Each structure stands twice: as C-alpha cells, then as structure tokens.
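J.: Chains as they are written, first to last, in the working numbering: chain A, 1 to 273; chain B, 1 to 260.
Please keep in mind that the hints were generated in silico from the structure rather than gathered at the bench.
There may be inaccurate statements among the hints.
Label-pair ranges, simulated between beta-carbon atoms [what the hints assert, rightly or not]:
(1) A:E160 to B:R20: 45 to 51 Å
(2) B:R20 to A:G96: 51 to 57 Å
(3) B:A136 to A:R267: 23 to 29 Å
(4) B:A118 to A:Q10: 42 to 48 Å
Predicted, not measured: the structure shown is a model, and the values here were computed from it.
For each residue, glycine too, the CB sits at the ideal point set by N, CA and C.
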Amino acid sequence: MSYLALPFIQKALVAAVLVGLAAPAVGTYLVQRRLALMGDGIGHVALTGVALGFLLGTSPVLTAVIVASLGAIAIELVRARGKASGDVALAMLFYGGIAGGVLLISLEPGGNTNLLTYLFGSILTVNAQDLVTIGVLAVGVLVVAIGLRRQLFSVCQDEEFARVSGLPVPLLNIVLAVTAALTVTVAMRVVGLLLVSALLVVPVAAAQQLTRGFAATMTAAMAIGVVVSVGGVVASYPLDVGPGSLIVILAIAVFGLASLAAAVMSRRRPVAV
Amino acid sequence: MRMSDHIVDVLGASAALGGRPILHGVDLTLDPGEVVTLLGANGSGKSTLVRAIVGLVPLTGGTVALFGTPLTEFADWARVGYVPQRVMAASGVPATVREVVCAGRLSGRRIFTRFGAADRAAVDDALDVVGLHPLAGVGVARLSGGQQQRVLIARALAGRPDLLILDEPMSGVDADSQAAIVAALQRMTGAGTSVLVVLHELGQLSPLIDRSMVLRGGRVAYVGTAPPDPAEDRDADHDFHPPVAGGFGLSSSPLGSARP
Numbered sequence: 001m002s003y004l005a006l007p008f009i010q011k012a013l014v015a016a017v018l019v020g021l022a023a024p025a026v027g028t029y030l031v032q033r034r035l036a037l038m039g040d041g042i043g044h045v046a047l048t049g050v051a052l053g054f055l056l057g058t059s060p061v062l063t064a065v066i067v068a069s070l071g072a073i074a075i076e077l078v079r080a081r082g083k084a085s086g087d088v089a090l091a092m093l094f095y096g097g098i099a100g101g102v103l104l105i106s107l108e109p110g111g112n113t114n115l116l117t118y119l120f121g122s123i124l125t126v127n128a129q130d131l132v133t134i135g136v137l138a139v140g141v142l143v144v145a146i147g148l149r150r151q152l153f154s155v156c157q158d159e160e161f162a163r164v165s166g167l168p169v170p171l172l173n174i175v176l177a178v179t180a181a182l183t184v185t186v187a188m189r190v191v192g193l194l195l196v197s198a199l200l201v202v203p204v205a206a207a208q209q210l211t212r213g214f215a216a217t218m219t220a221a222m223a224i225g226v227v228v229s230v231g232g233v234v235a236s237y238p239l240d241v242g243p244g245s246l247i248v249i250l251a252i253a254v255f256g257l258a259s260l261a262a263a264v265m266s267r268r269r270p271v272a273v
Numbered sequence: 001m002r003m004s005d006h007i008v009d010v011l012g013a014s015a016a017l018g019g020r021p022i023l024h025g026v027d028l029t030l031d032p033g034e035v036v037t038l039l040g041a042n043g044s045g046k047s048t049l050v051r052a053i054v055g056l057v058p059l060t061g062g063t064v065a066l067f068g069t070p071l072t073e074f075a076d077w078a079r080v081g082y083v084p085q086r087v088m089a090a091s092g093v094p095a096t097v098r099e100v101v102c103a104g105r106l107s108g109r110r111i112f113t114r115f116g117a118a119d120r121a122a123v124d125d126a127l128d129v130v131g132l133h134p135l136a137g138v139g140v141a142r143l144s145g146g147q148q149q150r151v152l153i154a155r156a157l158a159g160r161p162d163l164l165i166l167d168e169p170m171s172g173v174d175a176d177s178q179a180a181i182v183a184a185l186q187r188m189t190g191a192g193t194s195v196l197v198v199l200h201e202l203g204q205l206s207p208l209i210d211r212s213m214v215l216r217g218g219r220v221a222y223v224g225t226a227p228p229d230p231a232e233d234r235d236a237d238h239d240f241h242p243p244v245a246g247g248f249g250l251s252s253s254p255l256g257s258a259r260p
C-alpha cells in the first residue's frame, strides 16, 4: 500500500472525502422531494459551462459553477410552477446543455481532449489549486445542507406546510438548487458529469434501505459516500481502472448489500404496529 | 375597513383554481376560543376557503385578516397551526414521527439556531396530546392513515398555536385515531385555542363545535350553531341545504331520502 503515500493519491483521497460527504448530503434532499435525477440535469447543463470555460480560456470549474447554478435555478422555477409542460421544458434544458457543451467545444480550434476529464472524471489529476476549489465548494455545500437541515427538511417534506410556517420557501428552494449545482461541479472532477448524479443519489438509496429517519439516512448516506469514494480511489490504483467508475460501481454494490440486508431483516421482524 | 378582534376575518373572499372560480364572496369570522366547522359537499369550496385563509390560494377578491392583520402583511405564523389534508404519499426519504413534528417548530426561527429544551418540550407535549409519544422514533411511512393524521396534528400543535386550522382531519381515519383526535382537540379548545375545522360530517366532534358554516357552490349556504344530535347528519356528507325554518336541521340527502 506504499502508493498511498504518493502525493497525487493523497490529493485524490482528500478530494474523495470532501465529495463523498457533500454529494449524498445534498442528494438526501433531492431524493426526498423525488428529484433524484435533478443532479443529472444539472450535470448536462454544467457541460456547457465547462466548454464555455475552455473557449474563454478561464477556469472551466468557475464557468461550470455559474452555468450549472443558472440551470439549477431554471429547473427549480419550472418545478415550482408545476405545469404539465414542465417535463418538456426540462428535457430542452438537459439536451440543450449537452448539445451546447459539445457545440462550444467544437468551436475551439484544435479540439480539446480535456473534455473527457469532465465527462468521466479524473480525480487522480487533481492538483493543489483544484483541491482548494473543491474544498471551498464542499464546505459551502455542507454548511447549507447541515446548517439548514430543519428548514430544508420541512420544505422538501411538505412544501405547503412550510409556507404556512412562514418559511421563505422560494428562497430555500433556490438555495437548494444552487447548492445542488455546486455539488455537481465539485463532484464532476471525481466521477465525471455523466456519473455525478450517482454519487448524489445511490448512497442515499442504499442508506434508506436500513434507516427509518431522515437524519439517520443523511448521516449513513454521507458515511457510505466517503467509504465508496475513498475505496474507489484506493482500489483503482492496483486494479489499474478509472476511479470514477469504480466509485459508482462500489456505491451500487453497497446499495445491493443494503437491500439484501433490509430484505432479510424485514423477514425476521414482524410488521410494525 | 372593519378593524376587529376576530381571530379570522374573511370578507367577501373570492378565489379561483386554474381559472375556474371556486369561491364567490364568502364571509367568515372566528372569535377567540371559538370552534367553527366548515361543512359542504366535495367541490363546495371548503378546502379552498381554508387554503385561502392560510395564504396557499390567492384571493381574486375580498380580504382575509388573521389576528386583526391583513393576510398580505401577516407574519406571525407561529400563532397559526395548519393541518393540511393528509397526503403522506411516502416521500423519497424516510422520516420519523419526531422529525416530522419538529417541522412545526420552525415559525419565526432564525436560521442556524439550536433546537433547544423548549423546542423539545413542545414537541414532546404535542406528541403526548395526540397519543403518539411511544411511536416518536418510528418511521411515518409505517403508520396507519389515522396515525399519520395525528402526526400532522402534532406538527401543528408543536408550534403552540392560538389558532388551529384543520382540513378534513377525520376522513379516512380509523376509530382509535378518531377518538385520539377528538381528545386532542378537546384539550386544545379547553386551553382556549380557536379552531377552524373542515369536516365531511360533524360526527364525534359535534359536542366541541360552537358554530357551523355550510358552503355550497362556493357560497355560504348556512351559518348557525351545530345540531345537538350528531346522528342527525350522518348521511349528510353529499350535500347540504339550509334548514327550512331556523333551528338546527343541517342536513338532507341529495338523493331525496325523505327527511321532514
């Protein structure tokens, strides 16, 4: 295990811990309000942001944060209006995001293989500056997801009750959407935009097989997130496979085990009162 | 403008849903300590009226005031406990009874403040009132419909409201939970809480009720004291007609079952 002392592995491990904590924390709210695929949508839109960054010669993460946040707010506004056409509007946004990203990249002279880094993740190439960006974003995400947990729980669990409680529901919804966008841009370096939603959702789905409370689900999901992210990085080196995909496969394996355990437990335990 | 001591003061309220007018100039008042029930057939507008009172449905005409403050300026939501119609279609992530009830303590709370002893005591009290304290750690999805309804009532009580607004708390609720809800409301009204409750039928709650208002087609069809005998309107959940001559008879069947 001497390779664990390698600087790039250590940076990757720090990034894995940060993302492993942040993504499921936000994902818990998205799953609770049945927006499990919102992360996917934001990921699609973020691609346009990444491409814009390449084209403008600025940091792709910065432009991804901006474009993904705008996309997340748009998704939230469509959701809040609750129109039947919202479905189609979301589809436009998702595919527009991917197409916009690919189109912008093709405008860039000479093409850019770097795009693959963002599509599929490349945690092993995280440098010190990336780490600072990831750290700042992840801490911000965690402050919102944990610090506002009572308010966000209320809004996601029963939005109308939250309104009658006098909570600033539209503002909280926007905060959650932007937080999800930040999470997506943080996680894209680790598992890639195509798999980013998995890191938001799969640990939560695994945790709730075995939990009965919201706080417990969130805590367990964050633990699972850290374990699979770190496990993916550690195992990817000797196995010589991409850590991003390995992390997601590990998360799905944990989900499978948790489902199995839940099935066994429910067979033993009589139905609740 | 009438300035009043009414806890709820609705004047000429009109509202529409999806462009379709639902309420047509409804007046309603609720005085401190009063228990008023809203009755009416499905689609008569009674749910829309309470939703308009708490600001969930915009008014197209008229005014609503809570505790003497116009709804548009009202901010003291901690005084209002709202129990929506039960729609606990299992949300994506499990939540315990206590977690849901704790959501009733958020009115007027600054963000990032600790959940203190007073909050915990209020949540414990609310769980006691509805008789669910032993189930506090259980996931709500595992409860019966009636128990889930009691969770929603406890959530509203956790804020220690002066006004309780309940939207059909007794529908689809088993006998045990009905009895628990009646007992809970008895305790609250005994302590001086004002109650506005939408009901399909008066049923077990009738001894508590000071006044009833019947809506038909979005208009007030009858206002008066409740009938003394709850058995009188057992079959009255389809339609209501104003009583022929003063008095109490709140009900008659739309199918024409002969009732004098």
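J.: Run every hint past the structure and note whether it holds.
T.: So, going through the hints one by one against the coordinates:
1. A:E160 to B:R20: 45 to 51 Å: Violated, at about 20 Å.
2. B:R20 to A:G96: 51 to 57 Å: 34 Å, violated
3. B:A136 to A:R267: 23 to 29 Å: 26 Å, holds
4. B:A118 to A:Q10: 42 to 48 Å: 46 Å, holds
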